[in-house]
Amino acid sequence: MITTAPPRALTVRIRPVLGLASVAAATIATAMALLWAPPDAVQGEVQRIMYVHVPAAWTAYLAFVVVFLGSVGWLWSRRLAFDAVAVASAEVGVLFTGLALVAGSIWAKPTWGVWWTWEPRLITTAIMFVMYVGYLLLRGLSPGIEQRATRSAVIGIVAVLNVPVVHLSVTWMNALHQLPTVLRPGGSPALDERMLATLLVGVLAFTLIYLWMVAKRATLELARSARVMEGLR
Amino acid sequence: MSVARPAGYAGGAGERRLLMLTALAVAIGIGYFAFQELGPSAVYYLTPTEAKERQIAPGTTVRLGGQVEPGLTYDEATRDLRFIITDGVTRVFVLGRGAPPALLREGAGAVVEGVFLNDGTFRASQVIAKHDEVYAPPSPGVTPPHRTP
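From first to last, the protein sequence lines stand for chains A and B. Counting from 1, position 66 in the first sequence corresponds to residue 66 in my numbering; the numbering is continuous, with no gaps. Counting from 1, position 107 in the second sequence corresponds to residue 107 in my numbering; the numbering is continuous, with no gaps.
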């Protein structure tokens, strides 16, 4: 039997806390990124774009892994809460991927010398972006809630392969985008401690924002589904 | 008919057709880029040694990637950019036009797109500076070479 009741704890208690925590973390992260972290010896101040670009990219990876988990959860349990979390996470993931692409492009013009080039990291990220936009578009094609959830789940499970492909693309082939600085096997992160601390606070802020947005959007999705189901009784 | 129609469902047949065409276009787009750019023979750039081994013919557009040797010059008047790109084994003399990207420096990475001339020099139509994955604050008293306006 399909259950649509949204968990009350999530909707009533956690969201305001997440919202406040997000604002606090974002404020601190912005202050650290603009005022406390040192500039780069080679790039100067433009390196600070990294504090938006990298957290956005990593949070997008997280979002798409959650889409995968929600997809599996729906197919396994037939609880619409999983599908609601999946679509919410896909929307936020698309948003943050777009943000990472735009921030990256703004960084690339003064450093690389071009706004865009068809190199491996950029191509695979663009493909990931388009694939999840496709996930969202295709949800409009299913005439039934359960059918939509199942079709989306299939895409959500396959598309998560984008995440390791995007991250590892620069290590697999000659690329313009730099190799991973933090998420790499062996060696410790190749950046100044203050830069790393600022980056991690930025990641925390983006993650809290992500959680808050997903909580809001998933609740909305479940409310819509509940209204539709009620209309059938 | 007791089917639960979800919010955002494209109800009309015309709407559905448009959506399906969009999805098809997206899929074709993905497929095109995947096979074009990530195919087994497709690389973003060749090292100078790889270009030599493959005997890239003069006039064929290709990208080379490597390190910039000491001796980079840019003439403001003629807008001639000259430098040598190397992978440690093979050196290629590059001729470019126009101001180089701010991060193009001796000892750092670069990717150039263009064609080989008959004499083995490379005429670049595009010069891109490559940044490595290391970030460090400037030493005291030293100004970073790249300054944003």
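It is worth saying that the hints were derived from the structure and are not from the lab. From a predicted model like this one, the values you see are computed outputs, not experimental measurements. Just so you know, not all the hints are guaranteed correct.
Think about it this way: if two alpha-carbon atoms lie no more than 25 Å apart in a straight line, the pair counts; the simulated DMTMM-like pairs of lysine to aspartate or glutamate are [claimed, not checked]:
no.	chain 1	residue 1	chain 2	residue 2
1	A	K109	B	E69
2	A	K109	B	E113
3	A	K109	B	E106
Given the proposed pairing of K109/A with E69/B, does the C-alpha separation stay at or below 25 Å?
-> holds (23 Å)
Margin query: Check the hint pairing K109/A with E106/B against an upper bound of 25 Å on the C-alpha distance.
Written below: Holds, at about 20 Å.
Within a Cα-Cα threshold of 25 Å, do K109/A and E113/B meet the stated pairing? Holds, at roughly 16 Å.
Hint check: no violations occur; every hint is consistent with the structure.
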